[in-house]
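**Student:** So the protein lines, in turn, are chains R and W.
Position 270 of the first sequence, counted from 1, bears residue number 1172 in the working numbering, the numbering being contiguous throughout.
Position 67 of the second sequence, counted from 1, bears residue number 47 in the working numbering, the numbering being contiguous throughout.
Simulated from the structure, these hints should not be mistaken for laboratory data.
All values reported here derive from a predicted model rather than from experimental measurement.
Among the hints, erroneous ones may be present.
Stated by the list, open to error - Beta-carbon label-pair distances, calculated as ranges:
| no. | chain 1 | residue 1 | chain 2 | residue 2 | range |
| --- | --- | --- | --- | --- | --- |
| 1 | W | Ala28 | R | Ser1052 | 49 to 55 angstroms |
| 2 | R | Ser1052 | W | Gly31 | 54 to 60 angstroms |
| 3 | W | Phe72 | R | Ser931 | 40 to 46 angstroms |
Idealized CB from N, CA, C, for every residue including glycine.
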Amino acid sequence: MNGVGKTFAVSVRVAAVLVVAGLVVYVLSAAIAPEGYLRASTDLSDPAPFISEPKPGNRVELTEDGKAHRLLGDPVYLDLTLPDKYETVTVEVAYLNQGQSLLEIGALANRLDGQYDMVPAESRLLDTLPWSRVSSGDVLLLQRRKEYPSVEEFLKAPPATIRVASYRAGVEWPHRPVSWSERADMAVRDTSLRGRHRILTYSGGEPLAFSFTVQDMNRQAGADPVTVSVYKGGEEKDAVARTVLEDDGNTSDDQTSSSLRTVSVTVPDADAGIYRIEFTAPGDIFIRKMMFRQAKAVFLGSLYLSDHVGYSDRLEPAKVMVSGSSLVARTSHIEGLQGIKVGDSVLELKEPHLKHYAWLDDFRVTVPVVSPKRDVLLESDGVFALDPDDLFNPLPAEIDWHTTAEDLDRAGIDFLVAEYETPESDGVRSVATATFETVNLATTEDGAFRFAISAPGIEYTQKDLRIQSVTFTMRRAPTGWSVGLRRFFERLGSGAEDTVTAIILPHGKSYGESVE
Amino acid sequence: MSEGRTIEKVLPYVAELGMVGFIATASVAAIGVASELVSPGLVFNLVAPQGIAAVMVLAGALSLLSERSRRGLTESLLYAVISLAISASVTFAAWRYFEALPFDRGIITVAAGGTAILVFIAAFRAARRDFR
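Whole structure, please, built from the sequences with the hints as guidance.
**Tutor:** The following block contains the structure:
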């Protein structure tokens, strides 16, 4: 075989060197992002830079035309592994929606208790309600009949709480108790609860005091610290009090239950008003007893009745109260399958991990719930109480995916307040965006940021919602090439950042599941 | 000009492209593997590793069209020992690295080890040439 000409050989080599050099520059450019901007996009099918496949895989399904992914379950997670630090991440979801009432975008803020910071993406109810609209900043106010000229006037002199519904509105809401009395002794509630909880209470000016007796069951590997934070209603930026209980010293998953320990939080000079108590803990922490000074204390959104394995041989049915328009129950274990009594009817839990729904009559109806076996996570758009005496519901009704205009009529709701912006749409394809500050985000154990695309209730309604693409845009101050290169080489080998707890969110949402 | 003579004239060029492409792709793969150790995902998040492997296999196959080298027995044996040691290391490293993918681990490991062996076979076959 004859050889090739020198010109050809040199040309091919020069071209190869240029291609390799170009590739290196391209990769460095993405890693350094000298202009402070990086964009990555996925269609959920093909491998995409920095973005994982959708998780869990069984919650999405490629459509027949292969152009989108239909959501089958809630939520779907995407992990984003960044090559460098950025200040913000903007998530842009392009989708086709045929009937799904609610869509939200969230980001993991706390890995310990799986709290996500959720941002509304689309609410069909808010978009279609033919009420008078007025907005100020992010806050949108809808009125059945226009009674307030502005959001500011509304917040200054709000109507009675029972006339108002809200949707992810971080606005202060004044509570005016009809009757209120200070408790003489500490209330004792010994219903076992599992993991994180959010408690709502009211202080008329007496010292606020809550005490939790906890047990670390060591069923999963890793440290299990407990943080109890107290937030004053409407001032949810900073906690007014916080107590941390360190791990019991056993970080293994040997299922050895620790001794009982107590974590308490107090606010001696509490001003009168509503307080949120955020009990932040992983699922290994079980609350065995709770004591509090306040006359009223309810659990907001969810209540996880725990098993007694490794604690006690006695397992009596747990009776709690729920005040809301719906109840969702699910258990993680076959042993937890049971018939839960909800008022006069029975909600049969037939399959582990599956959400089972019970519909209550009204936003504020109070119904007793009895769980014979416990080991069940109860969720509601309202509140739970461990004792009927503890019950109060000072917040406006929260609208959910199943809320309809007729529900609002029936409940006598005249105002709807939300932090919401209608997504861009050309009539068929919609694009919703949400921006998160990375300093407020936790990472997975692999050092990735985790985002959730949530279509609440979609596994129940089977509505057709198709995701076409998800685009992440990361931004930070421009660095230029020289500073960027220096930072890049300084960072090499330092490994991925591992942020377990970025912030504690008094309004975050937990999906109560662990996804790898 | 007969068809056979045309092919005979074109083949060296194809082989040359294959050889240079193979070395270039191997360089990219080496950079990728090195960067993966210090900054996971930096290269293979942007350049699909399966794409690199595919180009490497194609270029390696084309490079086999070049003239065979004539090496001495000692040189060949030494080359074989080093090649086998590196290929075994690559196979072992791939098996360890993809531990988190229990279902795909086997095929990925075979692919990585196979690619490494192909690399060495192709490099071994390529002859030193003097340009005209």
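**Student:** With reference to the structure, classify each hint as holding or not holding.
**Tutor:** Right, here's what the structure says about each hint:
1. W:Ala28 / R:Ser1052: 49 to 55 angstroms: 54 angstroms, holds
2. R:Ser1052 / W:Gly31: 54 to 60 angstroms: 57 angstroms, holds
3. W:Phe72 / R:Ser931: 40 to 46 angstroms: Since Phe72 (chain W) and Ser931 (chain R) have Cβ atoms about 34 angstroms apart, the given range 40 to 46 angstroms is violated.
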